[in-house]
Amino acid sequence: MTVTEAPANRLGYRQFGVGGFTFSRDEYFVTVEWPTGNHQMPVDHWLRCVQRDVAWGFFYGIVNFDSVIGTMNHYGTVDMFAGRFNEAYRRAEVDYNETFDHDELLGCFKAMLSDWTNEGYDPFAAPLETGSAFGPSSGSNDDAVTRRRVVADRMVGVPGDEPLRSDESGFPVNRAFADVDQDEPVIEAEPGYEGEVCSFNLFAYLSRSDVTWNPSVVSACKESLYCPTTEEFTLPVIHGNDRVEWFVQLSDEIQWDVEDRDTGAKRARVIMKAGDVAAMPADIRHTGYSPKRSMLLVWENGSPRIPEMIAKGEAPVHPVDF
Amino acid sequence: MTQYTTVFGSLTDFAKGGVQLVDDDPKYYAFSNIFEVASAAAPYEKVAVGKNLEYVLEAIRAEGTSAWRAAPHDEFALVMDGTVRFELLDPAAELVDPSSGGSITLEGEPEGSPMGTVTAQRGHMTMLPAGKAYRMHSDGVGVVLLQTIEGPDTVFRWADICQTF
Ligand SMILES: [Fe+2]
Numbered sequence: 027m028t029v030t031e032a033p034a035n036r037l038g039y040r041q042f043g044v045g046g047f048t049f050s051r052d053e054y055f056v057t058v059e060w061p062t063g064n065h066q067m068p069v070d071h072w073l074r075c076v077q078r079d080v081a082w083g084f085f086y087g088i089v090n091f092d093s094v095i096g097t098m099n100h101y102g103t104v105d106m107f108a109g110r111f112n113e114a115y116r117r118a119e120v121d122y123n124e125t126f127d128h129d130e131l132l133g134c135f136k137a138m139l140s141d142w143t144n145e146g147y148d149p150f151a152a153p154l155e156t157g158s159a160f161g162p163s164s165g166s167n168d169d170a171v172t173r174r175r176v177v178a179d180r181m182v183g184v185p186g187d188e189p190l191r192s193d194e195s196g197f198p199v200n201r202a203f204a205d206v207d208q209d210e211p212v213i214e215a216e217p218g219y220e221g222e223v224c225s226f227n228l229f230a231y232l233s234r235s236d237v238t239w240n241p242s243v244v245s246a247c248k249e250s251l252y253c254p255t256t257e258e259f260t261l262p263v264i265h266g267n268d269r270v271e272w273f274v275q276l277s278d279e280i281q282w283d284v285e286d287r288d289t290g291a292k293r294a295r296v297i298m299k300a301g302d303v304a305a306m307p308a309d310i311r312h313t314g315y316s317p318k319r320s321m322l323l324v325w326e327n328g329s330p331r332i333p334e335m336i337a338k339g340e341a342p343v344h345p346v347d348f
Numbered sequence: 109m110t111q112y113t114t115v116f117g118s119l120t121d122f123a124k125g126g127v128q129l130v131d132d133d134p135k136y137y138a139f140s141n142i143f144e145v146a147s148a149a150a151p152y153e154k155v156a157v158g159k160n161l162e163y164v165l166e167a168i169r170a171e172g173t174s175a176w177r178a179a180p181h182d183e184f185a186l187v188m189d190g191t192v193r194f195e196l197l198d199p200a201a202e203l204v205d206p207s208s209g210g211s212i213t214l215e216g217e218p219e220g221s222p223m224g225t226v227t228a229q230r231g232h233m234t235m236l237p238a239g240k241a242y243r244m245h246s247d248g249v250g251v252v253l254l255q256t257i258e259g260p261d262t263v264f265r266w267a268d269i270c271q272t273f
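Just so you know, the protein sequences line up as chains A and B, in that order. Numbering (my numbering) for the first sequence: 27 to 348. Numbering (my numbering) for the second sequence: 109 to 273.
Just chain B, same shape as in the assembly:
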């Protein structure tokens, strides 16, 4: 039987495709690469690589320990490279406005009950439940793709990350 090799990308080994134009503007495709974006990002910077109305996909460079965060809706973190530990906490008091969207940075460590941890590697997807607090940790450098809503800390730098010609 034919042997196949599945190609995944990583920070140290990725190849980028692109838009080949016939009669079009490459900006309309907002073409970027998650590993390239994470390579140039500060730890835990939330750089939008996708946006559809209020919803965003954020590429996050996981390095060291993040601040605690909370969002009023579920978010989903897909590890694209490295090993990332997610720590979850059930807060003693409501941390976020339930009608808002996106996650906010929490000052210090919120009060509440530890819920547990997830240690995730490439391809693993972790739920960050609505209303709970979470933080991420990576001993090395990891990459997370976050499914969420645009929030105060979402960074937009399309002109830097997208193919423009």
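Okay, chain A solo, but in the shape it has when bound:
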């Protein structure tokens, strides 16, 4: 790993470097430098973005931190870029891209998250539920930034699979979901079939989620993955799709801003209310706003065939033709 072993700055923060990129932080901002330019971002926003990128293993396609900086997953290698999906940077030819081994960039981001996250600040939490990311270095919050991502094999609650959440396991009902029914389904299994007659209260499970904008797998029909998540405030990243993904709004409301994936030109706003279903085409990027904590079902196709289909231009851009 090419993390710079420079001593901490006067505020107590280390500087990090990977390839041609260097990253430093002060009380309010992160500064990113690369051979053809530099860029700043408020550090709370930066940590929220890096946290998702790390937790998702760079996710599907492009994770833009803003209109300049981001990563693009090639499922084994990953690009870090500046200005690559920004028309002005492209035209001026000051955009920059570098390809890394997955683990190399991930290692740099993980070390940065650990060093730059102060005690009391949780990048996964909604702003109303956590402390400040700003100021000089003070303590750490490694328990929060190294949370394990839930990935069910068949379904949450199936014996041997991901467990349900409870007060006892450290997942109290979130303040914004205090009115969500906590009753579990009535299961009457014949002897010997307890492991296969399985059901759980997904809405109660989600009401106990302690993170925002962090899809995790609760059920898998082969490669069809239900990745519900609870959303509050903004999705910090602008997700650039490389494949069609689908959203089912389970509760409350989210507003999505949709832009052209390559240029950032505005294409649409998508307003989703409880029961609404919508697809995001494979040639867009989107960010979302959830005024009240809401439950969103992100439906992904995790098929290993898709990267090859994308490379050959065979992956569908639009969800359905009609």
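No lab work stands behind these hints, which were simulated from the structure alone. Please read these numbers as outputs of a predicted model, since none were measured by experiment. C-beta: ideal position from N, C-alpha, C; glycine also. Take these hints with a grain of salt, some might be off.
Stated by the list, open to error - The following residues of chain B were derived to be distant from chain A, with all beta-carbon distances above 10 Å: (1) 114; (2) 144; (3) 152; (4) 161; (5) 173; (6) 175; (7) 199; (8) 212; (9) 217; (10) 247.
Stated by the list, open to error - Partial list, derived from the structure: chain A residues whose beta carbon lies under 10 Å from chain B: (11) 64; (12) 67; (13) 309; (14) 313; (15) 346.
Said to hold, decoys possible - Here are the simulated lysine-lysine pairs, BS3-like style, with alpha carbons at most 30 Å apart: (16) A:248 x B:135; (17) A:318 x B:135; (18) B:135 x A:292; (19) A:292 x B:124; (20) A:318 x A:292.
Based on the hints, put chain B with the ligand in the right spot on chain A.
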């Protein structure tokens, strides 16, 4: 502390959002609403509201008792409205081609051993295990969102259910 009200939808009370265009075609978003689709569906019709290659999400109006069905892979049924009882059966003989996808309708009641039942309400998610038989029942009208693979009974009516302008 602020009091929050969580808004879920139902057949009798839902509000639909939509795509607001700047420079785009709404068809690219295949925007629909599960409760609206179920309102206009026949009992146990399997109307696709999402599709990604062979995988589909089906909105199902649960009313009365369904036929018995079986699929060669796990399916997952999320109750979005009402109360739905799932009855599971371990068949005496293989019912579905293991290499196929999606569920098929079974004629009559398959032979086998009862596995049990699940009575599920809004927000409850039930596994319909691979190779087993199941049927659903609702005394009133319920809505189920099914995570499955496109099968012979999947109904596609995108032009009727999606926002087109
Ligand atoms: Fe996305």
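So, going through the hints one by one against the coordinates:
no.	hint	in the structure
1	114	violated, 5 Å
2	144	violated, 8 Å
3	152	holds, 19 Å
4	161	violated, 6 Å
5	173	holds, 17 Å
6	175	holds, 20 Å
7	199	holds, 13 Å
8	212	holds, 16 Å
9	217	holds, 16 Å
10	247	holds, 14 Å
11	64	violated, 31 Å
12	67	violated, 26 Å
13	309	holds, 9 Å
14	313	violated, 15 Å
15	346	holds, 5 Å
16	A:248 x B:135	holds, 28 Å
17	A:318 x B:135	holds, 28 Å
18	B:135 x A:292	holds, 17 Å
19	A:292 x B:124	holds, 23 Å
20	A:318 x A:292	holds, 24 Å
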